[in-house]
Structure formats: structure tokens, C-alpha cells
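Peer 1: Could you fit the two chains together into a complex? Lean on the hints.
Protein chains in written order, with numbering that gives the first Met the number 0: chain A, 0 to 279; chain B, 0 to 339.
Honestly, the hints are just simulated from the structure, not real lab data. Yeah, the Cβ is synthetic: ideal placement off N, Cα and C, and Gly gets one too. Keep in mind that a hint or two might mislead.
[What the hints assert, rightly or not] Stretch-level coverage of chain A by chain B, calculated; a stretch enters the list once three of its residues show a Cβ under 8 Å from a Cβ in chain B:
#1 92-98
#2 103-114
#3 131-137
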Amino acid sequence: MTSQTSPTTSTDTMPTLQVLGLTKTFNPGTPVEHHALNGIDVTLMPGEFACVVGSNGAGKSTMFNAIAGSIIPDGGLVRIAGENVTFKPDFKRARTLSRVFQDPLKGTAPNLTVAENVALAYGRSTKSSLAFAMRRERREMIHDRLASLGFGLEERMDTKVGTLSGGQRQAVTLLMATIGNPSLLLLDEHTAALDPEATRRILDLTDKIVSAGRITTMMITHNLGDALSMGDRTLVMDDGRIVADVSADERRGMGVDDLLALFRANAGHDLDDDKVLLEK
Amino acid sequence: MSPSVIFDAVMLGFEYSLLAVGIYISFRILDMADLTVDGSFCLGMAVSATCAVAGHPVLGLVLGCVAGAAAGCVTGLLITRAKINPLLAGIISMTGLYSVNIYVLGGPNVSLLDAPKAYDTFVTLAKGVLKVSQVKMVFIVVLVAAIVAVLAAFLHTESGLAMRATGDNEDMCRASSINTNLMKVVGLAVANCLVGLTGALLAQYQGYADMGSGTGMVMVGLASVIIGELFGGRRGVTAGLVCSVVGSVVYRLIIQSALMVNFIDSNALKLISACIVAVFMGAPAVRDAIRSSKQKKVAREKAEAYELALASAATAGSTTAAGSPAGAAPSDDATTEGGR
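Pulled out of the complex, with its shape left as it was, chain B reads as follows (with noise of 0.2 Å):
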């Protein structure tokens, strides 16, 4: 891969991170599999590109936001006030957003090439010193770094202990007076406006925003989150919200790589996805069964050598007295212990 590639890809990686780290909250910090993603994100980048095309770029980022969150707020509120199952309420609020989105964005898709995009202001600051793609990347890598900053510190504080709290022990954080349904509606408008502001920004960054996009972004997300948990993404919130960002940039070396080598076809991405998530999370089940059949073949060879063992001494018993079992007692121990 050359130079630029990688640099491509790893710009890619940055601006779907917060996808990733939105994931991150509503899978692994509220336990939920929240399939809203797919309509925020969508939402995000409609909202996004339509107040672009008006002129107001950065209005369009800061929307985008906002959108993502309602829709995060109307999923809780169904989940939480209307008692429906988390992925049917997820699935509700997908598919509603779907005819919302063709609204707001107008069409099927809509360009931004001559739209004013969020950056111009820092192209035009950087003009001679960074190219337009290096200003984009250090525009993206710092508000990514400082969005992950103030969610960290937000995870350490009582609420946020409050928000860790209800997706690991509800009963106990009920019992601790704390309001798990508003934690749960607060956590998942937080995901969703961070996925809204993914779309948001992929919106100017590509260039267009397109109505089919948004399909496949929960697992493209969890994906990304679960890569980051091979870096030690379970270690604690803050491990976990920076290796989600590591994830999202391996994801897309990893996807730019099968690419490049012509391994697969852009048409198999979505396959490619679901695949990883499928694998990494079948991985714990089917290493302990691995171990388990492996243990119960270690305890049957011992089991048997024990009937052995046993056989002979019932043989030997017959013609001296003192062949007694005891001698097979060790490998009695030995058994046990393999069979655990």
C-alpha cells in the first residue's frame, strides 16, 4: 500500500470513529443493541448537507448532532415509557427515520461539491503551509480526541458512574436511587448524536450525502468496537472509548488492504463486516467448547486407563490376595482433576 492510501484510509477510520464510539456507549456501556444507528446516521448526514447546501456548514455539523440525539430520545422513550423490546424499539425508529431522511435531504442523494464544508475556514488559515487532506485529517483527529476528552471525563463523573451503573446492574441501581429510564434515554441520545455527527461529517467529507448510506452502520460500528477490544478495550470507559477510535482505523486498513489486493470487491464490504462481527463474537463460545472437548478427551483417556487399571488388578486379584484398586488410587486423583 502506498503513502496515501494508508493516509486515506486511516482519514476514513477517523471520521467513522465516532460511529464506533457511539456504538461503544449503547453496546457495551448500556448493554443495548441499538439499531437506530442506521437512521441517525443517515439523519446526520441529511441534516448536514442540506444546511451545507444552504451556506451553513458548521450549522450543519452542530444539527446533525442534535438530530442523532433526538432520535436516540425517541428510541429510549419507546424502550424505556412504551416498554418495547430495545431492537424492535431500535427497529421502529430506523424505519420511521428512513421516509424522515428522503424529507430532509430532498432526494435520493445530493452533492456538496460546491457547498462550503466546516473546514474551509482552517483550508484557508493553512493555505501554503498543510495540503486541503492534511488540514481535513487534523481537522478530524482533533475533534475526535476532544469529543473522546470530554466523554471520558463525563464517564468518571457521578452520573456517568450512574449511566456505567444501569447497563451493569439495573435492579441495583434502581435500588440505589438512581432513574435508570432517563440514564438509558441520556445514554442513547448521546450515541446517536455522536453516529448523527459521524454522518454529519462523512457528508462533507465525501462530498455528497446519499440515502442508502446508512445501511450496515451498526455492524460497520461494532465491528470497529469489538477490533478495539483485541487492543485491550475492556480494560475500563476511557480504554474502551480510545481503542473503539483504534478499531475504526484498523477497520478500514483492514477493509483497504483486502481491497488493494483484490481479495474482495467493494460489493462485499457489508459481508466483510458482518463476518468480523460474527467470528470475533462467536470467538469466546467456540474456544471454551474447544477447551471443554479437549478437557473430556483428556478425562476419558485417564478413565479408561483407570478401568484399566482396575481390570488387571481384578485379574491379579484372583491370583494374589493383596491386588487391591489402591494402586490405580493416583490416577483416580489424575481423572478428577482432568475432568475439570
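Just chain A, same shape as in the assembly (with noise of 0.2 Å):
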């Protein structure tokens, strides 16, 4: 069902990603000048997901506002699958990268229906036209992904987003995010803002979806243990740097305590992260 092609299949040795020097300060040459990146440097090769964690203010979501094209960067590239594109704008982006965001609201537009808004993420895949958004294939196809899902959405396509809850709406936000098969998908602390319940079932749907579609996928997380167990690399990010890169291997039998004590030894300080949930 879900599309088992890679969308760089052909060509497994480029990366999908490929961050180089990436600086960017805010406010510069102010009191208040904050440096944000100060070169970051990351590699993602297709089908990889890494889990992005990090003290406050360490640049992760600096780093994704670069790669999506939210920001421009004062320095560095931003390629994506081969092409530079540091310097395109956001929603031209969008076409080979998707993004979701922490807030459940950010991510579907409510006075639209379910269908409604799947149908215009798919729609990107194409190209906006005239032709009518809800064609009977689209929208049997439109069902039968909203059933995989297993939130039971396929029974309230046409209800209007707004009137689903926080875990519905990410569930159709990654469905949204997914059907279009993304070169790179951005997870921006996907499931900060859900109860427990929800978190766990968003993220066993993002293990799903990412697994399946072989998706080349970066998440932002605050859930030590999800940071080690989620996807095959760790990232750990302070001052704007990548302090430490753990792969699948060396994660292997890594409990949080050894990844707060690699952040000791490579930063030099404490995680000092308020949202940081420490699993034990």
C-alpha cells in the first residue's frame, strides 16, 4: 500500500541531506545578538532517521528553520538530495521536504475536512490545477490511508479537522506529511503537545510510516529515551554545534544516563533542558 520506493533509489550513495557550515546569527552587532548555529554539519543518507536532542536554546529548531527554508542562514549550504537549496524559498521547499510542527493546529486547516486537507497535501505531489480535489480514486485512495492510520479517521472524512483532537489532527498531519513521499521529513517535537496516551500512539504511527516509505527523516525530541530507541541515530546538539553523533551501533545498550554523561563530556556542562523527560 504504502509506496515501497525510495525516492532516490537510483542514486543510494547521495545523500539525502547534506547540511555544510551552517551559521546563522540573530539580531548581530545588538546587545541582544544571539549566535544560533555556529556550523553544524550533518550528513543524512536516504532511509536514515536520527533523532535530533539538545540543551535550550541549542539550535534545533534553528537548524530545521534553515533546512525548510523558514530561515535564510548567514552561512553554509543546505542541499537536498543533490541540490542546493539554502536559498530557495519555503513553500518551493516544499515539494521534496515536509514538517510538523509541535502544535497539533499548525499543521491542517480546520474549516477543511479530513479528506479535504489530505487531498491538498497529496496534491503538491502533483501539481495545483483545476482539476476537481476529490476525484472517486483519489478518494477511495484518500480512505484507505486514513484507515491505516488506525485512528478510525476514515469514518469522519468529511468532518472538519478543527473538531478532532490534538492525536487525530497529528495523525492526519503525518499522514499529510507522508503521502506525497517527502526526499526528507521534519519532525519539529511532533508530540510535545499530546497527552501520554496520544504521544505513544503518534510515535508508534511515526515508526509505521517512516519504516515503510523507507522516509529519510530528522525529529526533534525532549524524550531522552525516545531519542535512543527512535530511528538508527542519535544527534545531540549544544551552542549551535552537533556536540555528539551516536550511531545505531555504539547507541546499542545505551541508557539515558550514558547519553547525559556523553553531553557532560563533549559540552562541558550539564543538559540543561526544562522539557527534558527523563526515562529511567
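Peer 2: Take a look at the structure:
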């Protein structure tokens, strides 16, 4: 059902995402000058799923903003599937890149129905046109994809999204983000606003969708347990730098305490994130 | 009201209905209060009148649309490119259009009594079968129905969906590779195209064009849209478009009946439409305020009863040790329930 072909099958040796020497300073030359990014280098190969953790103001979201095109960096390069997209506006980049935000209200249009929201997201992989958005075969495809989420949303296709719960909205958002087989999926603390039960379900769903589609993914999280268990790599950020890049082999058998110790060793101070959830 | 008066009011409602549909697009779909409307309405009227006097009434309608759309584009570009606040952008366009309209019309008003009209062909065709007023009615109803059908279809296409989503959640749209700036400009162009057409039609239907007739058109359109929503216009876009037309007709019937019983004189028309908009838009907030004050009153009464129960339990407790506030516990639940 989900397409098994990765968008870069033919060029498996080319990285999906290449971030080189990314720097960004906010309010330069003023008393509130802030060096958000101090030279970030990250490479994600096709199908890789990396979790990102870090202290407050480590630059996690700024890095995502630069990758997604919401901000233009001061220096450095962003390449997606080999193409230099550093200065490409966000809405043009969005054809190859999907992003899910923390706020469930951000990813969906509340006054459009569930089916219309999904159709809108699907339509972007084609090109917006004057064809009817809700043709029968497309409606059936959307119905099947919604059913595969396991949230019962296929029964509520014609409900306005505004009436759904946060978890249900995030499930729709995840489907919307992945239905066009994006080259890169950015998850920006996409469960942080949900209750524990919904968080679990959305994380399981994330795992399922990402592995089924072999989607190259980067996920910011505050849950160190999830950062070690989900995906196949953990990136640790501090002060606008990547201070640790823990590979799948290295992190096998690693606990939250080990990750904290690693952070202390590389960053020179404790992980001070008021949102970090310590799961022991 | 005599049938002929009702007939006239309904026809006037249809003549103004595309204005309501235009406002529906900018106000409800794009979520913008577009003040260009006062100017683009008059522009459509001026263009139509000038063309009709020159002997090209149908061209007048077409150019009225085009001129309105151009005005909408200007406002759209001011909003998206120059990053001017939408309200201010509308005011800028409207103000500039005032001078443009004087140039186009060539004077404060122009009479079209002797000029040809767009529906003349049909009047000749239907000679002996339908009266002129009936032909005018059929012409406007068919035109409005056709335009509403085309718009409803467009809003269900992929581009239409993208336009609706732009007004609903702009961040999400940009994240979904939708060019929201383009959507806003196109949306405002379509909205003002319809407004321009309304002005163009009205010039030919009433037989004159007047510089002052654009004033207050935003309110007339908004009032129609809001009245239309009482008839179920919030269920979906197609319902919204159709109900805007219904709202326009009902608005004219309301105004007509108020005029008939000498409840208002015609000078008060603008005041009436302003009041309709203010009352209906304020209604949800007032309703919520009344509801919450009622709840508060109920909760307060329950809290007082609970306090009394506690007090009596305390006095009882001094005589019998078993007297505890436990007896008052059920009303504790009721209090929190009422406070919600």
C-alpha cells in the first residue's frame, strides 16, 4: 500500500540531506546578539532516521528552519537530494520536504474536512491545477490511507479537522506530511503537545510510516528515551553545534544516563533542558 | 407588500448578490476584510456606464469585471508584496480609485436612459412573451446561477482547495508548497471582479451611474453574507456561496419592508446595514457572555448552599461528633459541574 520505493533509489550513494557549515546569528551587532548556529554539519543518507536532542537554545529549531527554508542562514549550505536549496523559498522547497510541528493546529486547515486536508497535501506532489480535488479514485485512496493510521479517521472523512482531538489532528498531519513520498521528513517535537497515550500512538505511527516508506527523517525530541530508541541515529546539539553523533551501533545498549554523561563530556556542562523527560 | 414590490426587491437582491458572493470570498474564504470593494464597485459601474453610452453594453459588463479584478490585484499586491496591513491596503486602493472613477465616468453621474443595455437582445427575443422586467429578472438569475456554479466548482478543484486553505491556515499552506501570496492576489482579484460586475450590472439595470453609489458597499455585502449564514451558509463552501445570494435577497426584502411601513426613511439605509453587521457579528460574544454569567449565577448559588451546609454541619458537629461535612459532599460535585 505504501510505496516501497525511496525517491532516491537510483542514487543511494548520494546523501538525502547535506548540511555544511551552517551558521546563523540573530540580531547581529546588537546587545541581544545571539549565535544560534555555529557551524552545523549533518549528513543523512537515504532512509536514515535521526533523532535530535539538545539543551535549551541549542539551535535545534533554527537548524530545522534553515533546512526547511523558513530562515536564510548567514553562512553554509543546505543540499537536499544533491540540490543546493539554501536560498530557495520555503514553499518551493516543500515539494521535496515535509515538516510536522509541535502544535497540532499548525499542520492542518481547521475549516477543511479531513479528506480535503489530505487531498491538499497529496495535490502538492502533483501540481495544483483545475482538476477536481476529490475525484472518486482519489477519495478511495485517501480513505484507505486514513484507515491504515488506525485512528478511525476513515469514518470521519467529511468532518472538519477543527473538531478533531490533538492526537487525531497530528495523525492526519503525519499522513499529509508523508503521502507525497517526500525526500526528507522533519518532525519538530511533533508529540510535545499531546497527552502520554496520544504521544505513544503517534510515535508508533511515526515509526510505522517512516519505516514502511523508507523516508529519510530527522526528529527533534525532548524525551531522551525516545531519542535513543527511535530511528537509527542520535544527534546531540549544544550552543549551535552538533556535540555528539551517536550511530546505531554505538547507542545499542546505551541508557539515558550514558547519553547524559556523553553530553557532559562533549559540551562541558549538564544538559539543561527544562522540557527533557528523563525516563529511567 | 404588493407582489410587484416584492418582485422589485427580489430582483434588487439578485442584482446585488454577486457583491455578497465577492465579499464571501474575501471575508470568509480568504479571511480578510477587503475595503477595496467600495472603490471597485464604483469602478465597475463607471466602466459599464461609459461603455454602454458608447454603444457596447455587453463589453461594459466584461470590462467592469476586468477593472474590478485589476483593482483587487492592486490590493493583493499591496498586501503580499508591499506587506501593507490588509485593511490599510484596501483603504489605499479605495481612495485611489475614487479619482480613477471620476476620470472613467467623466462626471459625478451619467444617465443611461437612452443607452443600450446588455439584456436588450433578450428583450427583443422575448417580445410579447415576457415583460421587460421579467426578462431582466431571468437574465440576472441565470447569470448569478451560472457564476455561482462556476465558483463552487472552482473551489472544489485543487487550486480552489489551496485558496480555501490559505485563508484557513497560512503556515500550513506554505509548508505544503502552496504559494499563498499568489492565492491571496487571485482570491482578491476574483472577489473584486464579482464586485465590479455587480456595479456594472447595476448601472445598466437602474439606468444611471453615480459616483456616490459605492459608499457602504462593504457593509451591504457583509450584511448579506451574515444573513445568508443564518440559512446554513457555514456548512460548506457551496452552501456559503448559495446562501450569500439568498442573504442578499433577504436583505433587500427586509429593507423594503422597513421602508414600506415607514419604519425608516431611505437615508437610514446605511445605518441599518451597519447595525445588521454589528449586531450579528457581536451576537456570538454576547451569547457567550450571557451563558457564562448564567453559569456563574448557578455556581454561586450552589457555593452559598454548600457554605450554609458546612456552617450548619459545624454547629451540629459541636453537639454531635458524627456531624461532618460529608453530608454536603454531593453538592460539592454539583458546584463544580455548574461552574463549568
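Peer 1: Count the residues of the region 103-114 of chain A whose CB lies closer than 8 Å to any CB of chain B, then report whether that count reaches three.
Peer 2: holds (count 8)
Peer 1: Please verify the coverage claim for the region 131-137 of chain A: does it have three or more residues whose C-beta sits within 8 Å of some C-beta in chain B?
Peer 2: With 3 residues close enough to chain B, the hint holds.
Peer 1: Mind taking a look at whether chain B covers the region 92-98 of chain A? Criterion is 3 or more residues with CB to CB distance under 8 Å.
Peer 2: holds (count 5)
Comparing the model with each numbered hint stated earlier shows that all of them hold.
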